[in-house]
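J.: Can you build the whole structure from these sequences, using the hints too?
So the sequences go chain by chain: A and B.
The first sequence maps to residues 1 to 199 in UniProt numbering.
The second sequence maps to residues 1 to 199 in UniProt numbering.
Read the hints as simulated data drawn from the structure, not as lab findings.
Wrong hints could be hidden among the right ones.
Derived lysine to aspartate or glutamate pairs resembling EDC-like cross-links, with alpha carbons at most 20 angstroms apart [what the hints assert, rightly or not]:
#1 B/K166 with B/E150
#2 B/K23 with A/E181
#3 A/K120 with B/D36
#4 A/K166 with A/E194
#5 B/K23 with A/E95
#6 A/K23 with B/E181
#7 B/K166 with B/E194
#8 A/K23 with B/D184
#9 A/K23 with B/E179
#10 B/K23 with A/D184
#11 B/K120 with A/D36
#12 A/K23 with A/E9
With the Cβ distance kept under 10 angstroms, some of the chain A side facing chain B (calculated, not the full set) [what the hints assert, rightly or not]:
#13 R27
#14 R35
#15 G39
#16 D41
#17 L43
#18 L47
#19 P88
#20 M108
The C-beta atom is built at its ideal place from N, Cα and C for all residues, glycine as well.
Number of protein chains: 2
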Amino acid sequence: MTPSSSLDELVEALRCLPGVGPKSAQRMAYHLLQRDRRGADRLARGLDAALQLLHHCARCNSFTEAEVCERCLSSRRDASQLCIVEMPVDANSMEQTHAYNGLYYVLMGRLSPLDGIGPKELAFERLFARATDGVVKEVILATNFTNEGEATAHYLSELLHARGLKVSRIARGLPVGGELEFSDAATVAQALRERRDFV
Amino acid sequence: MTPSSSLDELVEALRCLPGVGPKSAQRMAYHLLQRDRRGADRLARGLDAALQLLHHCARCNSFTEAEVCERCLSSRRDASQLCIVEMPVDANSMEQTHAYNGLYYVLMGRLSPLDGIGPKELAFERLFARATDGVVKEVILATNFTNEGEATAHYLSELLHARGLKVSRIARGLPVGGELEFSDAATVAQALRERRDFV
Ligand SMILES: [Zn+2]
Ligand SMILES: [Zn+2]
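T.: Next up, the structure:
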């Protein structure tokens, strides 16, 4: 159709979304322009606001608009327990169990050498500083039971042990290869209850 | 995670994309914020530019930044033939056959009563005005061979016949239920060659 440049650019820009190939990007662009211009505008505004306002919580590393997020500031939480998860959605899964009342640290990823994501990219030093604040007594590793999540847990357990912390791992109540995000609350609760010392 | 409002809003805004549910929207938001902020910014800019610059070609109804698109302005095209397609991607499929040198009219949809899309929503009056410019001799219906595409072709053929135009339909060289966008050029070329008078 001799597509004009701003159409091409929009299609190309939509491909930055994970799982969106050239065909879906084209379909999305036409849909937005033809059927949902208000939605497109809302998305542009939403992206701008999120990029501008959101940054990492100084304590748990999750996204927040404040310096420290609400959960980290809560006085009703047991600050002696620190649960380490890969992503914010994983902390949501933990919350939905109503079986955990400690604090969180969100890695925002997992060790993945093939993708060039190592301890430096995940800023493990920040985690160690957080975990050794003198208040945290137990670190609960709740990374996924994928190969990468397991490797991350093993790596972290050694370094956290070396810093004199009690380190536990949620139980493999989740199926092998499973991810927290796709598990029901009961399974995640079970896995939390059966956490074992990390050896 | 007590997600902040601009994060919630971004997740909600991403759901305006076709085929994107709550889980994928969340995944997309985290991906953009954590791993591809430049992509997110590019997408916001791309949406803004597309919304501002793109509108419908005054002749073929496809998207263009100009009043009339390049193809409609080309003097090398046979203006006596007008091929009606559902979407711009379908015109692309026709072009890739190198078997058609006429002009196009893009419906930007198809009749779909269940979705509330009728002749008015598709602005059929504009199409009729375009087809009865005195230059067009033959209208080639190249809507998809889906139920809705077929219904659209039948509906249009009657009204175009009534206006004294020769109306043809590309041959059912495409499999039943097939869509132009997903057919190879040879099949689409065959369907074009074997077009028959619309009865
Ligand atoms: Zn926090
Ligand atoms: Zn045009």
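J.: Decide if the proposed pair is consistent with the structure: B/K23 and A/E181, CA atoms, cutoff 20 angstroms inclusive.
T.: 9 angstroms, holds
J.: Taking 20 angstroms as the top limit, are the C-alpha atoms of A/K23 and A/E9 close enough?
T.: With Cα atoms ~14 angstroms apart, A/K23 and A/E9 stay inside 20 angstroms; holds.
J.: Hey, A/K23 versus B/E181, does the alpha-carbon distance stay inside 20 angstroms?
T.: It holds: about 9 angstroms lies between the C-alpha atoms, which stays within 20 angstroms.
J.: Less than 10 angstroms between beta-carbons is the criterion; does A/R35 satisfy it with respect to chain B?
T.: 8 angstroms, holds
J.: Could you grab the alpha-carbon distance between B/K166 and B/E194 and see if it respects the 20 angstroms cut-off?
T.: 15 angstroms, holds
J.: Keeping to a limit of 20 angstroms between CA atoms, is the pair of A/K120 and B/D36 held or broken?
T.: At roughly 18 angstroms apart (the allowed maximum being 20 angstroms), B/D36 and A/K120 satisfy the hint.
J.: Within 20 angstroms, alpha carbon to alpha carbon, are A/K23 and B/D184?
T.: Given that 20 angstroms is the threshold and the Cα spacing comes to 14 angstroms, the pair holds.
J.: Hold the hint about A/M108 up to the distance rule: shortest CB distance to chain B must be less than 10 angstroms.
T.: 5 angstroms, holds
J.: Is the hinted pair B/K23 and A/E95 satisfied, with a Cα-Cα distance of at most 20 angstroms?
T.: The given pair, whose Cα atoms are some 17 angstroms apart, holds under the 20 angstroms limit.
J.: A closest beta-carbon separation below 10 angstroms is what the hint needs, so does A/G39 meet it against chain B?
T.: Since the shortest Cβ distance to chain B is 3 angstroms, the answer is holds.
J.: Is the shortest C-beta separation between A/L47 and chain B less than 10 angstroms?
T.: Status holds, d = 4 angstroms.
J.: Taking the closest Cβ pair, is A/L43 under 10 angstroms from chain B?
T.: With a closest approach of 4 angstroms, the A/L43 hint holds.
Of the numbered hints stated above, none is contradicted by the structure.
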